[in-house]
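Participant: This is what each chain is made of:
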Amino acid sequence: MNKIIALLTDFGLNNHFVGTMKGVILTVDPEINIYDITHQIQPQNILEAAYSLADTIPYWPENTLFAVVVDPGVGTSRRSLIVRAGTGHGIICPDNGILTLVEQEFGLLDVYEICVKNRLPGTNAYHTFHGRDIYAYNAARIVSGKVISSEIGHPIKNPIERLKIHEAKITHENIHGNIVKIEKPYGNLCTNIPMHLFSILKISYGDYLEYIIFEDGKERLKGKLPFVRTFGEVVHNEALLYIDSSGRLGFAINRGDFSDNFQIYAGTTWEVRLKKQAVKKN
Amino acid sequence: MNKIIALLTDFGLNNHFVGTMKGVILTVDPEINIYDITHQIQPQNILEAAYSLADTIPYWPENTLFAVVVDPGVGTSRRSLIVRAGTGHGIICPDNGILTLVEQEFGLLDVYEICVKNRLPGTNAYHTFHGRDIYAYNAARIVSGKVISSEIGHPIKNPIERLKIHEAKITHENIHGNIVKIEKPYGNLCTNIPMHLFSILKISYGDYLEYIIFEDGKERLKGKLPFVRTFGEVVHNEALLYIDSSGRLGFAINRGDFSDNFQIYAGTTWEVRLKKQAVKKN
Amino acid sequence: MNKIIALLTDFGLNNHFVGTMKGVILTVDPEINIYDITHQIQPQNILEAAYSLADTIPYWPENTLFAVVVDPGVGTSRRSLIVRAGTGHGIICPDNGILTLVEQEFGLLDVYEICVKNRLPGTNAYHTFHGRDIYAYNAARIVSGKVISSEIGHPIKNPIERLKIHEAKITHENIHGNIVKIEKPYGNLCTNIPMHLFSILKISYGDYLEYIIFEDGKERLKGKLPFVRTFGEVVHNEALLYIDSSGRLGFAINRGDFSDNFQIYAGTTWEVRLKKQAVKKN
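Chains as they are written, first to last, in this note's numbering: chain A, 70 to 351; chain B, 70 to 351; chain C, 70 to 351.
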């Protein structure tokens with residue numbers, strides 16, 4: 070059986086950190102195949118990482134182990150986890166909310182807390198690079214078959230950390246949601262509004278929607294946009310609404326950057342409200 | 070026989086898109102070896118992608134299949150192609166001009182249009198990520214040997230799209246060309262002027278050339294520069310002309326950034342004219 | 070035995086250069102496994118590359134060959150080297166100081182100068198891409214077993230180039246060192262002060278240190294900071310001192326960017342002086 074580790078971090082690519090994690094993995098077992106999801110999560114943005122992980126997992130072979138390291142609490146008492154998602158995939162990561170979306174969408178099967186003594190030999194003096202010393206090292210040992218989860222950890226006693234994400238919902242024909250990510254490098258806005266809410270309100274391609282974007286409850290942008298299948302259905306530099314490749318509502322500008330253009334960003338403080346434009350009667 | 074897919078996109082590395090494409094490929098066939106050419110083509114810059122593809126192809130094993138996705142028309146009626154270049158390499162890509170340089174330099178052998186029904190199962194609702202749903206998926210099926218081109222497409226009926234690139238030429242001892250790319254991260258200018266035009270005009274290393282750079286026909290920069298083998302033949306921060314690693318004329322500053330320094334960029338609107346400096350007689 | 074080449078360059082990822090190097094390697098031997106350390110060394114910053122190489126090497130399998138190309142002198146008469154570090158790892162690189170730290174920390178065993186005729190066939194006209202034409206090509210031939218070092222080079226006659234890096238030291242209870250790298254993307258400062266100097270001065274976690282940062286001998290920043298194990302031991306946006314993952318002193322801001330915030334950068338002109346704060350008596 071072929072061995073796969075996929076890495077997702079905020080370490081960036083402009084330093085040796087990701088390379089060093091790969092060296093550690095190969096030193097444990099040179100037969101492991103290592104892939105990158107991304108290493109350019111905005112530094113310490115757990116929400117962005119949580120969505121990125123949930124959005125990519127279903128497209129990977131089931132035997133993939135994801136090593137996910139966005140870890141502002143590195144070296145503190147936050148726990149390290151090794152889990153199995155409802156999809157069958159493994160994930161090793163800090164316990165800081167990074168599993169929120171995976172748990173919501175696919176559920177979690179086994180959840181183990183890794184005992185702190187399981188770390189790369191010779192690294193006890195280091196407290197700031199668990200990506201190398203804990204996650205890469207143990208990921209490689211698991212995938213190589215040298216150990217199993219219950220040998221490096223124990224079933225968790227307290228629930229895992231969860232980010233407080235309001236679920237998208239419909240009230241009085243209005244759809245409410247959050248802007249959860251900016252889709253770089255294009256600048257599209259990714260919301261947490263799933264496409265089935267559009268079906269409930271009988272919104273079809275070609276309809277126009279009125280929207281308001283709020284930051285911290287304060288109106289930042291409002292207007293009316295067409296709901297279309299893809300960018301090229303409007304002319305250059307026109308804005309549009311569409312269902313993104315994860316099945317959620319997105320805001321975009323055809324061949325432009327919605328986020329930069331309107332200075333709209335993402336996070337739990339950014340909310341959006343939409344409704345289908347009433348058909349005017351003459 | 071070892072299986073190779075090489076990816077070239079404008080998806081960036083600061084999101085999960087490229088990772089997800091790799092997951093799709095491995096799900097089809099975990100034995101495929103996946104490599105990255107670049108994912109940082111300037112968003113939607115087909116000209117830059119066309120040159121990057123043509124410049125890298127000759128250095129790859131002949132059994133490599135290139136999946137090239139710079140695709141502003143994603144989800145519209147633009148065609149998807151699977152072709153074989155004159156070099157023997159395969160390419161799968163949207164039909165938007167991205168093959169222009171490969172066709173000019175190496176020719177195209179088989180050209181098939183991919184039937185739209187050949188897409189990753191379960192993705193019919195998505196219209197904005199053909200990199201995942203069409204190109205990665207079909208590339209993997211081809212390279213794995215599960216299908217051949219004629220099973221997922223049919224020979225094209227109409228010619229492929231071509232970018233309008235003026236060929237570099239000589240008139241009255243002047244060389245005319247375009248600036249086709251900025252060589253990031255250094256900021257060198259890449260032109261479409263092949264080195265054999267320099268031979269025709271008997272220009273040798275050590276000669277000085279007078280140049281004018283135009284944007285939209287308007288003069289933006291002019292001067293005189295030495296034609297040298299490599300950057301280190303002039304002092305720090307001095308500008309120079311050289312033959313780049315693709316065999317075309319380049320403008321550079323030794324340990325500096327020509328593009329940033331002089332605010333000169335690339336595209337079909339950026340033209341350059343050069344001639345050998347007349348030897349002054351006393 | 071499994072074949073590994075690890076690449077470390079300043080070529081960036083926004084062009085086809087690194088991809089093309091991989092194509093060259095695979096054309097020599099498709100069984101070679103290729104990994105990236107980083108390709109985003111600041112352009113032509115040999116000091117940053119020297120530290121990055123020394124810091125990652127110990128974490129890789131001993132049979133890894135590192136191809137390190139930060140090469141402002143490409144195409145000039147600077148030598149090309151193939152060496153074996155004291156750790157057993159191979160390195161192929163230009164002779165421009167890039168081995169300084171590896172030599173200091175691990176020593177060098179064999180050091181060969183590569184004969185210039187050993188280059189990718191068909192590339193004699195090119196003088197600016199030895200990453201492809203010399204380093205990738207010969208790295209692949211070595212790792213594949215097609216040649217050995219003494220067949221492509223000869224033992225060097227003159228010493229290798231060395232960067233002038235002042236060693237960190239203690240004078241009158243003050244520690245003196247340099248800022249050698251900015252740890253991107255977080256903006257932490259990496260110094261060349263090894264942790265054992267802290268032991269000599271009996272500095273313990275929880276102590277406060279007074280520091281001054283100089284640029285070109287001129288005071289740029291001074292203050293007092295706690296010495297802690299990891300970022301999360303101070304509150305958000307507070308600065309701290311810590312031992313980084315390479316065992317040297319670092320300056321950081323918890324969830325912030327020290328370099329950007331205080332406009333402090335790295336290089337041989339950036340020095341730092343620290344001493345343990347005197348305990349005040351009441």
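What the hints contain is simulated information worked out from the structure, not anything from laboratory work.
Remember, it's a predicted structure, so these values are computed and weren't measured experimentally.
Please note that the accuracy of each hint is not assured.
Copies of the same chain are indistinguishable here, so a pair counts whether it falls within one copy or spans any two.
[Claimed, not checked] 20 angstroms max Cα-Cα, derived SDA-like pairs, lysine to any residue:
id : residue 1 : residue 2
1  : K291      : N323
2  : K72       : S213
3  : K72       : E100
4  : K293      : T156
5  : K291      : N187
6  : K253      : Q109
7  : K186      : K287
Participant: Is it within, between, both, or neither for K186 and K287, if the alpha carbons may be no more than 20 angstroms apart?
Facilitator: Close neither inside one copy (48 angstroms) nor across copies (45 angstroms); limit 20 angstroms.
Participant: Regarding K293 and T156, is the shortest C-alpha distance of 20 angstroms or less found within a copy, between copies, in both, or in neither?
Facilitator: neither (38 angstroms within a copy, 50 angstroms between copies)
Participant: Can you give me the call for K72 and S213, within, between, both or neither, at a CA distance of at most 20 angstroms?
Facilitator: both (7 angstroms within a copy, 18 angstroms between copies)
Participant: Evaluate K291 and N323 at a C-alpha cut-off of 20 angstroms and name the case that applies: within, between, both or neither.
Facilitator: Within one copy only: 18 angstroms inside a chain, 36 angstroms across chains, cut-off 20 angstroms.
Participant: I want to check one pair: K291 and N187. Are their C-alpha atoms no more than 20 angstroms apart within a copy, between two copies, both, or neither?
Facilitator: Classified as neither; 52 angstroms inside a copy, 39 angstroms across copies.
Participant: Can you tell me if K72 and E100 fall within 20 angstroms by alpha carbon in one copy, between copies, both or neither?
Facilitator: both (7 angstroms within a copy, 11 angstroms between copies)
Participant: Which holds for K253 with Q109 at a C-alpha limit of 20 angstroms: within a copy, between copies, both or neither?
Facilitator: both (10 angstroms within a copy, 11 angstroms between copies)
Violated hints for the displayed structure, listed by number in ascending order: 4, 5 and 7.
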